[in-house]
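Count the sequence shown with this note's numbering and you get residues 55 to 212, in order.
Some clues are possibly wrong.
[What the hints assert, rightly or not] In silico BS3-like links for lysine-lysine, alpha-carbon gap of 30 Å or less:
1. Lys143 / Lys183
2. Lys138 / Lys116
3. Lys117 / Lys142
4. Lys127 / Lys117
No wet-lab data here; the hints were simulated from the structure.
What you are looking at is a predicted structure, and each value in this text was computed from that prediction instead of being measured.
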Amino acid sequence: MSFFNTFFGKVVMTFLVSMVPVIELRGAIPIGVGAGLSPLVAIGVSIVGNLVPVPFIIIFIKKIFAWLRKTSKKLDGFVTSLEKRAEKKSATVQRYAFWGLFILVAIPLPGTGAWTGALVAAMLEMPLKKAFPAIALGVLGAAVIVSFVTYGAGALLF
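Could you build the full structure based on these sequences and the hints that come with them?
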């Protein structure tokens with residue numbers, strides 16, 4: 055029996071998938087359930103895993119971007135594209151602050167989510183103590199939306 059066939063292995067896999075940019079909990083919840091976890095376990099693990107990178111992104115991403123820019127021109131271009139993407143998303147956050155960041159993270163569409171929300175918060179120099187609660191509520195909102203769309207209301211109750 056392989057590690058990923060055990061309950062703990064399925065939890066670890068779901069947790070790790072939820073930390074991956076773009077996939078985040080939108081992909082991790084169905085993957086976890088597909089692997090055999092109950093919807094509630096998959097949702098809980100995905101929420102926690104999706105939130106783990108957020109403080110590190112908010113605190114360190116500007117320093118990481120500066121280092122990447124110095125490392126190579128290709129990485130400089132990549133960093134510039136990420137910053138432009140964050141800048142496009144930042145208007146709503148600047149206008150509505152907490153609720154703008156919440157909405158950016160909560161709507162489970164491509165180009166939104168905890169990673170994008172944390173990047174926008176970092177680019178706008180929002181303090182972690184203000185950005186993290188909005189992002190966390192957004193992740194909870196996204197989990198509810200993904201669960202309802204994927205499994206129906208019963209997924210949240212049973």
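Each hint tested on the structure:
A threshold of 30 Å between alpha carbons decides the hint, and for Lys143 with Lys183 the separation of about 20 Å falls inside it, so the pair holds. Straight-line distance between C-alpha atoms of Lys138 and Lys116 comes to about 14 Å, which keeps the hinted pair within the 30 Å bound. Between Lys117 and Lys142 the CA atoms are separated by roughly 21 Å; this keeps the pair inside 30 Å, and the hint holds. Between Lys127 and Lys117, the direct Cα distance comes to roughly 17 Å. Compliance with the 30 Å bound is thereby established for this hinted pair.
Consistency with the previously given hints is maintained throughout, with no hint failing.
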